[in-house]
Each structure stands twice: as C-alpha cells, then as structure tokens.
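Peer 1: Got chain Y sorted already, so can you dock chain E onto it with the hints?
Keeping their order, the protein sequence lines are chains Y and E.
Under the working numbering, the first residue of the first sequence is numbered 15, with each subsequent residue one higher.
Under the working numbering, the first residue of the second sequence is numbered 15, with each subsequent residue one higher.
Just so you know, the hints here were simulated from the structure itself, not pulled from any lab data.
A couple of the hints might just be wrong.
[Claimed, not checked] Under the rule of at most 30 Å between Cα atoms (straight-line distance), these lysine-lysine pairs were calculated in the DSBU-like manner: (1) E/35 <-> Y/35; (2) E/39 <-> Y/67; (3) E/174 <-> E/130; (4) E/213 <-> Y/39; (5) E/201 <-> E/166; (6) E/212 <-> E/169; (7) E/111 <-> Y/39; (8) E/71 <-> E/169; (9) E/196 <-> Y/71; (10) Y/35 <-> Y/72; (11) Y/213 <-> Y/72; (12) E/212 <-> E/161; (13) E/141 <-> Y/111; (14) Y/174 <-> Y/162; (15) E/71 <-> Y/130; (16) E/67 <-> Y/72; (17) Y/71 <-> Y/141; (18) E/206 <-> E/71; (19) E/39 <-> Y/213; (20) E/201 <-> E/174; (21) E/169 <-> Y/67; (22) Y/39 <-> E/206; (23) Y/72 <-> E/72; (24) E/111 <-> Y/35; (25) Y/141 <-> Y/72; (26) Y/67 <-> E/71; (27) E/167 <-> E/196; (28) E/67 <-> Y/111; (29) Y/35 <-> E/67; (30) E/39 <-> E/130; (31) E/161 <-> E/72; (32) E/35 <-> Y/39; (33) E/71 <-> Y/72; (34) Y/162 <-> Y/212; (35) Y/71 <-> E/72; (36) Y/111 <-> E/71; (37) Y/67 <-> E/35; (38) E/137 <-> Y/111; (39) Y/212 <-> Y/111; (40) E/141 <-> E/169.
Protein chains: 2
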Amino acid sequence: MGQEEAYKNNVAWFDGYVSRKDREKLHGHKGAVIWFTGLPASGKSTIAHLVEKELHKKGCSTYVLDGDNVRHGLCCDLGFSPEDRTENIRRIKEMVKLFVDAGIIVLTAFISPYRKDREWARKFFRKDEFIEVYMECPLEVCEARDKKGFYKKAKEGLIKEYTGVSSPYEPPENPELVINTKNYTPKECVLKIMRYLKKNILQGQRGI
Amino acid sequence: MGQEEAYKNNVAWFDGYVSRKDREKLHGHKGAVIWFTGLPASGKSTIAHLVEKELHKKGCSTYVLDGDNVRHGLCCDLGFSPEDRTENIRRIKEMVKLFVDAGIIVLTAFISPYRKDREWARKFFRKDEFIEVYMECPLEVCEARDKKGFYKKAKEGLIKEYTGVSSPYEPPENPELVINTKNYTPKECVLKIMRYLKKNILQGQRGI
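The shape of chain Y in the complex, shown without the other chains:
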C-alpha cells in the first residue's frame, strides 16, 4: 500500500496498538484455525458447527467459515477451475490469518482439494495454531448421503468439475487429525476433536 503507512509511521502521537496477545487475553484463549478438508458430503461443515457449539459452551470466541458465507460473498467471483480453487484457498487463508490475529478460533469447512494449497496455507501459521482435520469417508458413502443428488448430477455431466467425480481430491499426508465419518457417529467425531483441542490448544485456558 504505502499510502496509509506513510502517515502512521510518521506521527509522533501514535501510541500503539491493541496486540494479538491483548485480544487473546480478553477472550481467555489463543487464536487458532481448525482446517477441515474432505470430499463433498464427508461432514466438514456439520462437524465444524458442532465443534463450534462445544467451544462456545466453554466460552471461546469462535467463527465458522464455509461455503455458505464465503463462496457467496468474498469468493463469489470464483468458479471451480484449478486456478479458481487455488485463489479461493488463498483468500480464505488471508482472511483466516486476520481472524486468528483477532484472537478467534476459526473453523474452516471447505473441500480444499489440493494438497499444495493446504500445505501453502499451513506455512503462514505456527505449529500449534493450524490444525488440519481430514474427514475420511469413502466416496460411495458420501454419494449415498448426498440426497440432493449433486454427485449424481456430476456423474451425468450436469455439474462440471465436481470433486470426487470430475475434479481430484488429494487427502492430506500428515494431518493433525483423521476423523472417520463413516464408522463413527457425529458425537464421537466431535469428542475426538475436542479431546485434541483440549490437549493441544486449550490446555490451561478457559478453565480446561
């Protein structure tokens, strides 16, 4: 930018920011991102919202970013080509960075199909503030869950570039958590994630 910086760097009476640490102290916990990834209908958004509920109960400041509030807003100009998917993840990463700096626990629920994009995003966070959660679920189970028939339409060619059908999904190699949504109930999935969070990012905070 330059324009806005010029003034700020040059005025004697500028006496400091509220820091990330200040905001985290106010919220009673550190900022972090729980990055869900997986096939369409693997359970990302659902589990993200259920985990948010648990965190909120404990008094944590939370926010879920998903297709509903990002694909229709910030990224409404993007489609599903490989380039647009990469730009989608870039913008999400940038926004998440700011939410984390604001002292919020952000839960992102996007397919985020490319390993390289997720690995790129991870680099901008400390080890203890980026938790990648792979929603492991066989394609046929995801298909069976999808009552609106998006998978079917994709197979018929009515939806183009659909992940799992006509667009690739690359599972993570070393995610912090693997959640199997085929064999475990949502309650069990949430418990497993909460156990991880209590041990790794919430320990000693908010009375945990």
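Peer 2: Chain E in isolation, oriented as in the chain Y frame:
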C-alpha cells in the same frame, strides 16, 4: 457453492449453529463496523487504532483492518485503478460482514475514495451497525504531515493514481461522524468518536 450445502441441508443429525446473537452475548456487545474514510495522511489508521484501544479497555472484542494487514494480504493482487479500488472495497465489505457476524467491532481504515463503493457497502448492514467516519482534513495539511514524501512523489509523477493528486477523493454526504483532524487533537477526535459509540452502539452494554 452447492457442494457443501447439499450435505448440510440433508443430515438429520445436524442440530444447529452458534448464532450471531450467541457470540454477541459472549462478547457483551453487538458486532458493528466503524468505517473510516479520508485522504492519505488524514489520520484514519491512527485514530482507528486509538479508538480500538479505548474499546479494548472497556472489554470489547475489536479488530482493525487497514492497508497493513489487507493490502499486503487478501488484496495483494489488486492495484490502484478505479476497478481495483472498487474490488478492494468489495472484498473488505465481505470480510467485514463476517467479522460483524462473529460479534466483533471492526474498525476499517482505508481511503475508500468512491462514494458509490461506500454507499454500496453500507447497504449490507443495519443502520446501527455501520458507522461511517469522515476524516476531514485539507489536502495541504495531509501533504505537510506526509514525511515520507508520497504526496511529493505523486506530484512528480513517480507514484501513479495517488488519491488527492492523480486520483479523486469523494467525501461522504451523510456520514455518521465528521472528524476534523486539522483543528482537533487526536485525543479530542477519539473522545468525539467514543461519545458517539457509547450513545449509539454500546449503550447498556459492557457497563456503559
């Protein structure tokens, strides 16, 4: 999007979100945006950070978006052409919308030179959650403050499309607040803004 929605709308065991109201209750105040606008070096970023400090002291969850954290991140692909400035404001509006939904008081400090862009952004918020603050300051005073010489360089043609020199600035017609940073000290400016916020968005909240 469609892809992520499909699953979410169709699973029986999805039992609800944490709402904006829940998050606001946790923070003890409503989400809102204080939208600073004005010439380069009119004082936007400085006053925004000082107001954030006051709000934080009162226990409010706050965040400042400015050139430093947005122009280098989310909008690093954008320049200063009229189209790019409009896209810059569009993305900022989308992001602010999410922060406000997260129950945060966001302070934006961008030149945001076009009236139509600011008026467009305003439409997405309730009357009591969008506070436009015009930083009124004569061009020559802004120029004199700019010790890094951006205005000078712009006049010499070394910086293109610089607001106030080679790119227009359109002051708001009906901002919630006009802050004269030529005649008033920063302390006085902050006081005036805090008085407005206490009366209009914080009344009865956080013990105010």
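Peer 1: For a quick check of understanding: which of the numbered hints are violated here, in increasing order?
Peer 2: Hints 6, 8, 9, 12, 15, 20, 21, 30, 31, 34 and 40 not satisfied by this model.
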